[in-house]
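J.: Sequence:
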Amino acid sequence: MIRKKEAGASRKFKHRLIEQRYLLLMLLPAIVWAVLFAYLPMAGLYMAFINYQPSLGNFWSSMFHGEFIGMKWFDYFFSNGDFYIIMRNTLASTMLTLLVSFPIPIIIAIAVNEIKSAMFKKTVQTVSYLPHFISWVIAANIVVTVLSSDGIVNNVLKWLHLTDNSILFLQEGKYFWWIVAIGNTWKEMGYSSIIYLAAISSINLDLYEAAKVDGAGRFKQIIYVTLPHLKPTIVILLIFSLGGVLNAGFDQHFLLGNGLNQDYSDVLSTYSFRYGLQNSMFSYASAVGLFNSVVAFIIVIIVNFAAKKFNNQSLF
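All residue numbers for the sequence shown refer to the UniProt record's numbering, where the first residue is 1 and numbers rise by one.
Since the hints were derived computationally from the structure, they do not count as laboratory data.
Among these hints, one or two may not hold up.
[Said to hold, decoys possible] Using 20 angstroms as the maximum straight-line C-alpha spacing, the simulated EDC-like pairs for lysine to aspartate or glutamate come out as follows:
#, residue 1, residue 2
1, Lys116, Asp206
2, Lys116, Glu209
3, Lys220, Asp206
4, Lys231, Glu114
5, Lys174, Glu114
6, Lys220, Glu114
7, Lys220, Glu209
8, Lys121, Glu172
9, Lys72, Asp82
10, Lys122, Glu188
11, Lys174, Glu67
12, Lys231, Asp263
13, Lys212, Asp75
14, Lys231, Asp251
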């Protein structure tokens, strides 16, 4: 009986493969891309467990013939004085950015959806989307200009008599995490709101009409109709965001950081870059990067499990 079921399942599987052969063929380039650029490079993780010394010979022979030292680089990372500072900066910058930037796209999406004027709605969307298409090199220069001693922020603060002297924002570390959080929010809030707008557009309009009949105003319609239907999307995107809790963002920290604020701007990605490419400690940088990836993977699993258990919403 079991063999018959297995044979039947096998025939159904083969039939499905034949029936969907064109779809599978269209999927083939994506599979090849994933293997070449996502899975094959994972062989380089072995570098984190050896004392890699680059030579003029073949890269693979240099790596696989390197001295195996096990967890030495991880021990060095956890025991040296940099670990506390790097983790503090990474977690503080990421969590502050998440706290500021995560709810803003939701608010923008709801506000844009409530706008009745089509022209004004398109204008708001265009203005809020544009910063996403600006590279961080340009965005960082805009931030530096705005926060300079004679920039608009200092001029406004002086005009309001909140300060007599210009504040050197990028030369004092205590401002850095806030600068990155606000900069990230400004750059990505409009583009991130697209997903929420798509979710809002799928809500049945009859629900709003029913809420109106029950006496609900526009604010109550948002609370009792819009937000509950956005809940699954919010949970999924929150899982993604928390999964990248150690990915504070290389571009913004590298471009806005300097020697004066390094105690606050140096995060895992910039730390790995500095030791890997500037100091040629490739194995140590690989170990730091692997630590980042493993922790991110564990966080995704934990957050996904918690969301599924307590909210019945999950990524997988």
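J.: So, for every hint listed, does it hold in this structure?
T.: Status of the hints after comparison with the structure:
1. Lys116 - Asp206: Holds. Lys116 to Asp206 sits at ~18 angstroms (cutoff 20 angstroms).
2. Lys116 - Glu209: Between Lys116 and Glu209 the Cα gap is close to 16 angstroms, so the pair holds against 20 angstroms.
3. Lys220 - Asp206: 15 angstroms, holds
4. Lys231 - Glu114: 18 angstroms, holds
5. Lys174 - Glu114: 38 angstroms, violated
6. Lys220 - Glu114: 13 angstroms, holds
7. Lys220 - Glu209: Given that 20 angstroms is the threshold and the Cα spacing comes to 12 angstroms, the pair holds.
8. Lys121 - Glu172: Judged against 20 angstroms, a Cα distance of about 39 angstroms means the pair is violated.
9. Lys72 - Asp82: 16 angstroms, holds
10. Lys122 - Glu188: 17 angstroms, holds
11. Lys174 - Glu67: Answer violated: Lys174 to Glu67 is near 42 angstroms, above 20 angstroms.
12. Lys231 - Asp263: Roughly 38 angstroms separates the two Cα atoms, so the pair is violated.
13. Lys212 - Asp75: 62 angstroms, violated
14. Lys231 - Asp251: Violated, at about 31 angstroms.
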